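Asker: Line order of the protein sequences matches chains W and F.
Each residue of the first sequence is one higher than the one before, counting from 1 in our numbering.
Each residue of the second sequence is one higher than the one before, counting from 623 in our numbering.
Please keep in mind that the hints were generated in silico from the structure rather than gathered at the bench.
Model, not experiment: these values are computed from the prediction.
Watch out, some of these pointers could steer you wrong.
[What the hints assert, rightly or not] Selected chain W positions facing chain F (Cβ under 8 Å, derived; list incomplete):
1) G363
2) V399
3) A400
4) F439
5) L492
6) G499
Glycine included, every Cβ here is placed at the ideal spot set by N, Cα and C.
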Amino acid sequence: MTLRIVGVAATIAVALLAGWLAMLSLIHGDVALPGLSATLPMLRLDYGVSLLAVPFLALLAFLGIAVALWSGRRGAPLDTVLIAAFTASMLVVLVARSVTSFFLAWEAMSLVSAFLVVAHHEQRGVRRAAFVYLGIAQTGALCVLAALVLLALHAGSPAFAAIARAAPALAPGLRTTVFVLALVGFGSKAGLMPLHFWLPLAHPVAPANASAMLSGAMLKVALYGLCLVVFALAAPGPANWGIALVAIGTFSSVGGVLYALVDHDLKRLLAYHSVENVGIIVIGLGVAQLGLASGNAPLAALALTAAFFHTINHGLFKGLLFLGAGTVSETEGTVDLERLGGLWGHLVWTAPLFLIGCAAITGLPPFNGFASEWLTFQSLIAGWPAGTAAVKLVLLASVAGLALTGGLAAACFVKVFGVVFLGRSRREAPARAPVRERFDLSALGLAVLAALCTLFGLVPMLAVAPLNHVAAAIAGAVPIPMPALPVLPATLILLPLAGALLAALLAAQRGVRRVPTWTCGSPVTPAAQYTATAFSKPLRTIFAFALLPERQRVYEFGPSRWFARRIRYRTESRYLIDEAARYFSAAVLRLARRTRIVQSGSLRLYLAYALAALVLTVALTR
Amino acid sequence: MSVLATVLLIAFAPLVQGAMKRLRARLQRRPGPAVIQPYRDLVKLWRKDALLPEGASVLTVLAPGIVLGVALAFAAVVPIAAGAPAAIDVVALVFLLAVGRFVLSLAALDTRSAFAGMAASREMTFGSLVEPTLLVALLGGAALGGGTGIAGLQHIPLGLAGMLAFAAFFLVLLSETARVPIDNQETHYELTMIHEGLVLEYAGWQLALLQFAAYLQQLSWLFLAALLLPGDTWWAHALWVIAIAVAITIVETAWAKVRLFDVPQLLTTAFVLAATSIGLRLLGGAE
Numbered sequence: 001m002t003l004r005i006v007g008v009a010a011t012i013a014v015a016l017l018a019g020w021l022a023m024l025s026l027i028h029g030d031v032a033l034p035g036l037s038a039t040l041p042m043l044r045l046d047y048g049v050s051l052l053a054v055p056f057l058a059l060l061a062f063l064g065i066a067v068a069l070w071s072g073r074r075g076a077p078l079d080t081v082l083i084a085a086f087t088a089s090m091l092v093v094l095v096a097r098s099v100t101s102f103f104l105a106w107e108a109m110s111l112v113s114a115f116l117v118v119a120h121h122e123q124r125g126v127r128r129a130a131f132v133y134l135g136i137a138q139t140g141a142l143c144v145l146a147a148l149v150l151l152a153l154h155a156g157s158p159a160f161a162a163i164a165r166a167a168p169a170l171a172p173g174l175r176t177t178v179f180v181l182a183l184v185g186f187g188s189k190a191g192l193m194p195l196h197f198w199l200p201l202a203h204p205v206a207p208a209n210a211s212a213m214l215s216g217a218m219l220k221v222a223l224y225g226l227c228l229v230v231f232a233l234a235a236p237g238p239a240n241w242g243i244a245l246v247a248i249g250t251f252s253s254v255g256g257v258l259y260a261l262v263d264h265d266l267k268r269l270l271a272y273h274s275v276e277n278v279g280i281i282v283i284g285l286g287v288a289q290l291g292l293a294s295g296n297a298p299l300a301a302l303a304l305t306a307a308f309f310h311t312i313n314h315g316l317f318k319g320l321l322f323l324g325a326g327t328v329s330e331t332e333g334t335v336d337l338e339r340l341g342g343l344w345g346h347l348v349w350t351a352p353l354f355l356i357g358c359a360a361i362t363g364l365p366p367f368n369g370f371a372s373e374w375l376t377f378q379s380l381i382a383g384w385p386a387g388t389a390a391v392k393l394v395l396l397a398s399v400a401g402l403a404l405t406g407g408l409a410a411a412c413f414v415k416v417f418g419v420v421f422l423g424r425s426r427r428e429a430p431a432r433a434p435v436r437e438r439f440d441l442s443a444l445g446l447a448v449l450a451a452l453c454t455l456f457g458l459v460p461m462l463a464v465a466p467l468n469h470v471a472a473a474i475a476g477a478v479p480i481p482m483p484a485l486p487v488l489p490a491t492l493i494l495l496p497l498a499g500a501l502l503a504a505l506l507a508a509q510r511g512v513r514r515v516p517t518w519t520c521g522s523p524v525t526p527a528a529q530y531t532a533t534a535f536s537k538p539l540r541t542i543f544a545f546a547l548l549p550e551r552q553r554v555y556e557f558g559p560s561r562w563f564a565r566r567i568r569y570r571t572e573s574r575y576l577i578d579e580a581a582r583y584f585s586a587a588v589l590r591l592a593r594r595t596r597i598v599q600s601g602s603l604r605l606y607l608a609y610a611l612a613a614l615v616l617t618v619a620l621t622r
Numbered sequence: 623m624s625v626l627a628t629v630l631l632i633a634f635a636p637l638v639q640g641a642m643k644r645l646r647a648r649l650q651r652r653p654g655p656a657v658i659q660p661y662r663d664l665v666k667l668w669r670k671d672a673l674l675p676e677g678a679s680v681l682t683v684l685a686p687g688i689v690l691g692v693a694l695a696f697a698a699v700v701p702i703a704a705g706a707p708a709a710i711d712v713v714a715l716v717f718l719l720a721v722g723r724f725v726l727s728l729a730a731l732d733t734r735s736a737f738a739g740m741a742a743s744r745e746m747t748f749g750s751l752v753e754p755t756l757l758v759a760l761l762g763g764a765a766l767g768g769g770t771g772i773a774g775l776q777h778i779p780l781g782l783a784g785m786l787a788f789a790a791f792f793l794v795l796l797s798e799t800a801r802v803p804i805d806n807q808e809t810h811y812e813l814t815m816i817h818e819g820l821v822l823e824y825a826g827w828q829l830a831l832l833q834f835a836a837y838l839q840q841l842s843w844l845f846l847a848a849l850l851l852p853g854d855t856w857w858a859h860a861l862w863v864i865a866i867a868v869a870i871t872i873v874e875t876a877w878a879k880v881r882l883f884d885v886p887q888l889l890t891t892a893f894v895l896a897a898t899s900i901g902l903r904l905l906g907g908a909e
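Using the sequences provided together with the hints, build the complete structure.
Answerer: Here it is as structure tokens:
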């Protein structure tokens, strides 16, 4: 119990610190924090808050508090302590102002999150997921390190301030190399397609509160790294970077939502939606880069605002959904969509709050996802008039892709909410009578996030105004008047609400007779309800060219060979990217076996290695 | 002015449905129901009790009201004449309409009826395919006209590009108003229906709310489509609305319903048309 209290208190403390630092920077601009200048100038540790970190710090504050509240009631006690450490490491990444301090914090973040992923290590799949996660994290970290070291060597100093000052003099080849390395390094951590494959492995096995933090916050910290390189350390980049980012973002958003549609593990499905939403954010970043490269600062500011706003929003609703999935997992013992159903009846708090999360992630008004997706659309369209034909083509494809993503996400979350919370349980016989949920700390955590989703949807200016201030500072524009917000006139939000009220009043006054489900007269059993597999069948067929579904039908016959007693139906998609990754990792493992000869296990040899590394470091950094 | 327009839309929505039904019957050499039959149906349904499946959640009780509210909002923002202020832009409109789709599909799944679930699945599937086409067709004008406002649509010259955009929009219209090549309003044959399947478990006054919302949404779609066609006056738009309604009815009579898995081809065709329209505008420069 004390362990849990310590973890929760520490997480809240770190979250409050993050919020305070964000406020500080918002008021005073860039603020330097006490650092540590080691004897070796190349290894100095600098800390400070930059304006660029403000949206990410704010997200860490909101999400940290909500996750801590949820963990006060649910989850394993040890996890809460790890989450506090994880939150702290992300905070340090965001305030690191030199290559060394950034990379140390980055590695700490990767390691602590790997501990969270491997929490249920007694299962084989969990260890495998953690191994893949560590592998991709370290590969990405190497790319990040290479990019940052290249920049530091060019600038002659590891301090971010010095690197940014020296950035305009970067040679084009070096600049492009740094961009590609950063894109691979940070993109793999952020879950951008095609380097997303660790996400759907790690999320289902990590505890729910860890998933909320991983998906809601850590992916965003990776995006912060990408922003840092693109908009500060290696700026100004060419327009091609923008085109590449918009294209990758669109690919990621459509691909992520497609895989989410055919997945029936609630947490893995949410992981794929993270791939989708990171894609939407990267579209915004790409348009911002296009704006900067073409000297259109207002466009860059608009697009950055959209990207930052969606960053925060995704953290809020994805945190809400993952924590809700955690509550479902604890009360029902499964997150398999084919076995759930009818939770609305007893999860009386989680169900409506989860519905708000579903509506928000789908981009339905009046929730926050709508406001930021709308801004992203606005920035795509604002980039139109100035663009060359190639840019216009990419923007058009992106508009269509984003619209398709929105529609598919709606389909997916109708599936999720309808199958999990509505209807009736799909299990043969429930293990025990469901217990009516009470309003506890966990529900409070969900409620905080749902309230923020609604607030930022109804009054987007609350978030957009400060974010626009930050974006304008980065883009070098005076804060521009945003497109008229709120985007939906109040009357339009009120009309559906008034309609709901009318329906409720009419139902109260005239009454609604309850009868058995009619369904054209056929018998209604829990098993006859539409399932998640059935629901996604049309889309699986339409997008068969991308999903490559394989189905398997097994008939069991009784006495007659004309009437099957039982039909088993299985369908599975092929994951081409994952298969390619498997080949790649097999090749790497073969290579690793070759290099194992340096690992003799002898202590003396290892000490010699350490000495050699030290000598080399001193020699190189002098 | 705009309130008056909305009131007119509300008043005439069932009439348009009745007229289209009557016209289709005449084209098929049947007498058909009276033009005012939808009003009678609504009154009859309104007087009857509502029935809902046992155990259906409060969401299912609220859904008809929310859907009606969305339809009213749509009717309130669609301009019935050029220059009428549009309080909403195209992107927001698409997302607003998604709210109705989302809520009604959830209610369908809540009833536990397999047919309603099937309809929900199809509604969300085709809805997701329609959205990109809709946005590209509508933004095709807006992107060059500046901004995403609905008002920007009215200043598109009707060249080849405009006609392609309208053709794309027409296919979207058939899907969104549940018309024959995609859906079928006339039948309750469970394997073909989409919209009828969604409301399968509703009855009485709740069904009346839903039916009326569908009529109202249909008329609003017609007015939105008329914006893509030339003409600045309210009567020109009204004439276009009538012409489009007649065209839909002729299509319904002349075409057969396509197989479910051929519908995506139809909708993809619409998307290609819309994208081509933008491509043409690009080639032609700023017209």
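Asker: Each hint should be assessed against the structure and marked as holding or not.
Answerer: Hints, verified against the model:
1. G363: holds (6 Å)
2. V399: holds (6 Å)
3. A400: holds (4 Å)
4. F439: Not OK, violated: F439 (chain W) not within 8 Å of chain F, min 18 Å.
5. L492: Given a least distance of 5 Å, the restraint on L492 (chain W) holds.
6. G499: At 3 Å from the nearest chain F Cβ, G499 (chain W) passes the 8 Å test, so the hint holds.
When the structure is compared with the earlier hints, a violation turns up for hint 4 alone.
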